[in-house]
Amino acid sequence: DVKVTQSSRYLVKRTGEKVFLECVQDMDHENMFWYRQDPGLGLRLIYFSYDVKMKEKGDIPEGYSVSREKKERFSLILESASTNQTSMYLCASNPGYRLAGLYNEQFFGPGTRLTVL
Amino acid sequence: QKEVEQDPGPLSVPEGAIVSLNCTYSNSAFQYFMWYRQYSRKGPELLMYTYSSGNKEDGRFTAQVDKSSKYISLFIRDSQPSDSATYLCAMSPPISGGYNKLIFGAGTRLAVHP
Numbered sequence: 009d010v011k012v013t014q015s016s017r018y019l020v021k022r023t024g025e026k027v028f029l030e031c032v033q034d035m036d037h038e039n040m041f042w043y044r045q046d047p048g049l050g051l052r053l054i055y056f057s058y059d060v061k062m063k064e065k066g067d068i069p070e071g072y073s074v075s076r077e078k079k080e081r082f083s084l085i086l087e088s089a090s091t092n093q094t095s096m097y098l099c100a101s102n103p104g105y106r107l108a109g110l111y112n113e114q115f116f117g118p119g120t121r122l123t124v125l
Numbered sequence: 009q010k011e012v013e014q015d016p017g018p019l020s021v022p023e024g025a026i027v028s029l030n031c032t033y034s035n036s037a038f039q040y041f042m043w044y045r046q047y048s049r050k051g052p053e054l055l056m057y058t059y060s061s062g063n064k065e066d067g068r069f070t071a072q073v074d075k076s077s078k079y080i081s082l083f084i085r086d087s088q089p090s091d092s093a094t095y096l097c098a099m100s101p102p103i104s105g106g107y108n109k110l111i112f113g114a115g116t117r118l119a120v121h122p
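The listed protein sequences correspond, in order, to chains A and B.
The opening position of the first sequence corresponds to residue 9 in the working numbering, with each subsequent residue numbered one higher.
The opening position of the second sequence corresponds to residue 9 in the working numbering, with each subsequent residue numbered one higher.
Chain A with its partners taken away, still in its complex shape (with noise of 0.2 Å):
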């Protein structure tokens, strides 16, 4: 059973803290995901990963980074954190071209709801 898990359900972290999400898949999956979901607008890919250290910026990049030094950990950090970015985060994983071919589901972990005051 694959399996995404996330550092934190709830976080609440004041403006302009330097805020870092964590997310582990034990799976071996290549590629990893981080998504924000805000009503009416879905999920908004910010950052992926296709391999230990790359990265890809995603829709929505501005205001933050990622990190990803080990194949199963994939790190989200707000430098600043802004009002503006209260939110659900959700970490994805899917195990990649090279183990799965052309079939792309993604795994989600469980979601860290941040709150920024």
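The calculated DSS-like cross-link candidates involving lysine-lysine, where the alpha carbons are at most 30 Å apart (straight line), are:
{"id": "1", "chain 1": "B", "residue 1": "K109", "chain 2": "A", "residue 2": "K26"}
{"id": "2", "chain 1": "B", "residue 1": "K78", "chain 2": "B", "residue 2": "K10"}
{"id": "3", "chain 1": "A", "residue 1": "K78", "chain 2": "B", "residue 2": "K109"}
{"id": "4", "chain 1": "B", "residue 1": "K50", "chain 2": "A", "residue 2": "K26"}
{"id": "5", "chain 1": "A", "residue 1": "K65", "chain 2": "A", "residue 2": "K26"}
{"id": "6", "chain 1": "B", "residue 1": "K50", "chain 2": "A", "residue 2": "K61"}
{"id": "7", "chain 1": "B", "residue 1": "K75", "chain 2": "B", "residue 2": "K64"}
{"id": "8", "chain 1": "A", "residue 1": "K11", "chain 2": "A", "residue 2": "K21"}
{"id": "9", "chain 1": "A", "residue 1": "K79", "chain 2": "B", "residue 2": "K50"}
{"id": "10", "chain 1": "A", "residue 1": "K63", "chain 2": "B", "residue 2": "K50"}
{"id": "11", "chain 1": "B", "residue 1": "K10", "chain 2": "A", "residue 2": "K63"}
{"id": "12", "chain 1": "A", "residue 1": "K63", "chain 2": "A", "residue 2": "K21"}
{"id": "13", "chain 1": "A", "residue 1": "K63", "chain 2": "A", "residue 2": "K78"}
{"id": "14", "chain 1": "A", "residue 1": "K65", "chain 2": "B", "residue 2": "K78"}
{"id": "15", "chain 1": "B", "residue 1": "K10", "chain 2": "A", "residue 2": "K65"}
{"id": "16", "chain 1": "A", "residue 1": "K21", "chain 2": "B", "residue 2": "K50"}
{"id": "17", "chain 1": "B", "residue 1": "K109", "chain 2": "A", "residue 2": "K61"}
{"id": "18", "chain 1": "B", "residue 1": "K109", "chain 2": "A", "residue 2": "K63"}
{"id": "19", "chain 1": "A", "residue 1": "K78", "chain 2": "B", "residue 2": "K50"}
{"id": "20", "chain 1": "B", "residue 1": "K75", "chain 2": "A", "residue 2": "K65"}
{"id": "21", "chain 1": "A", "residue 1": "K65", "chain 2": "A", "residue 2": "K11"}
{"id": "22", "chain 1": "A", "residue 1": "K78", "chain 2": "A", "residue 2": "K61"}
{"id": "23", "chain 1": "B", "residue 1": "K64", "chain 2": "A", "residue 2": "K11"}
{"id": "24", "chain 1": "B", "residue 1": "K109", "chain 2": "B", "residue 2": "K64"}
{"id": "25", "chain 1": "A", "residue 1": "K79", "chain 2": "B", "residue 2": "K109"}
{"id": "26", "chain 1": "A", "residue 1": "K26", "chain 2": "A", "residue 2": "K11"}
{"id": "27", "chain 1": "B", "residue 1": "K64", "chain 2": "B", "residue 2": "K78"}
{"id": "28", "chain 1": "A", "residue 1": "K63", "chain 2": "A", "residue 2": "K11"}
{"id": "29", "chain 1": "A", "residue 1": "K26", "chain 2": "A", "residue 2": "K61"}
{"id": "30", "chain 1": "B", "residue 1": "K50", "chain 2": "A", "residue 2": "K65"}
{"id": "31", "chain 1": "B", "residue 1": "K109", "chain 2": "A", "residue 2": "K11"}
{"id": "32", "chain 1": "B", "residue 1": "K50", "chain 2": "A", "residue 2": "K11"}
{"id": "33", "chain 1": "B", "residue 1": "K109", "chain 2": "A", "residue 2": "K65"}
Label-pair distances were calculated between CB atoms; the ranges are:
{"id": "34", "chain 1": "B", "residue 1": "R85", "chain 2": "A", "residue 2": "K26", "range": "46 to 52 Å"}
{"id": "35", "chain 1": "B", "residue 1": "K10", "chain 2": "A", "residue 2": "G71", "range": "17 to 23 Å"}
{"id": "36", "chain 1": "A", "residue 1": "Y111", "chain 2": "B", "residue 2": "Q88", "range": "27 to 33 Å"}
{"id": "37", "chain 1": "A", "residue 1": "Y111", "chain 2": "B", "residue 2": "N63", "range": "17 to 23 Å"}
{"id": "38", "chain 1": "A", "residue 1": "K65", "chain 2": "B", "residue 2": "K10", "range": "14 to 20 Å"}
{"id": "39", "chain 1": "A", "residue 1": "F28", "chain 2": "B", "residue 2": "R85", "range": "41 to 47 Å"}
{"id": "40", "chain 1": "B", "residue 1": "E65", "chain 2": "A", "residue 2": "Y111", "range": "15 to 21 Å"}
Derived by calculation from the structure, the hints in this document are not laboratory data.
Virtual Cβ for every residue (Gly too), placed ideally from N, Cα, C.
Put chain B on the given structure of chain A with help from the hints.
Then chain B, alone, in the frame of chain A:
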């Protein structure tokens, strides 16, 4: 215009009703179509996966893809209160560069009441 449009609802139906959830899209290159179900305070989980046009059935769920109209549907027969969740459509073009991304709809919130 968004690449994928989905009515966010909410949609409220009585138990036993047939539910129809829909998405439209603009990118004719999309070939892989999925429906995810997301329960409250949980991450999305894959419900149905289809490739190209046609129908796919799994128990009470049927996924339908009409590429000529750029329209996909999810039907739920004999809906149950346990089907109450947000349903997100997702789709992607053929793989580019060895990795691929999914484009998600906004999600439709469904409530099935006894």
